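A.B. asks: Reminder that position 63 of the sequence shown reads as 63 in UniProt numbering, one-by-one numbering, no gaps.
Everything labelled a hint here was simulated from the structure, so no lab data went into it.
One should not assume that every hint holds.
Simulated restraints on C-beta separations [said to hold, decoys possible]:
1) His39 x Pro9: 42 to 52 Å
2) Gly108 x Ser12: 29 to 39 Å
3) His66 x Gly7: 31 to 41 Å
4) Gly14 x Tyr54: 13 to 23 Å
5) Ile4 x Arg49: 17 to 27 Å
6) Ala18 x Asp104: 37 to 47 Å
7) Ile58 x His5: 33 to 43 Å
8) Ile4 x Tyr64: 28 to 38 Å
9) Ser12 x Ile50: 40 to 50 Å
10) His35 x Ile96: 15 to 25 Å
11) Leu37 x Glu15: 32 to 42 Å
Predicted model, so just to flag it, every value in this text is computed and none were measured.
We treat Cβ as the ideally placed atom computed from N, Cα and C, and that holds for glycine.
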Amino acid sequence: MVGIHTGLPLPSLGEMAAQLLVYFLVEDYLNYWIHRLLHGEWGYEKIHRIHHEYTAPIGFAAPYAHWAEVLILGIPSFAGPAIAPGHMITFWLWIILRQMEAIDTHSG
């Protein structure tokens, strides 16, 4: 990935926290608007309804979706690291935290 560092030195905790904050803000903003579009008539009928087949609030329903939705809603998760690239450690921590957040928000 362009701009992501893989060597030493590792980033400080403060640097990682600042980058993660940017990643969460960018992802949350973009995810909100894309999710709203998917709840429109065409988006819901063609793509998003599959995600709502699970009616119980269970965390593992988070990734249950149409392939196009997984692709479209994956974009916001990579937008932050593309805007403010950091170290690979920060990127992997971001991916782990993002997945934990997705499971948590679908847990009722």
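A.B. asks: Tell me, which hint numbers fail for this structure?
C.D. replies: Checked against the structure, the hints that fail are numbers 4, 5 and 6, while the rest are satisfied.
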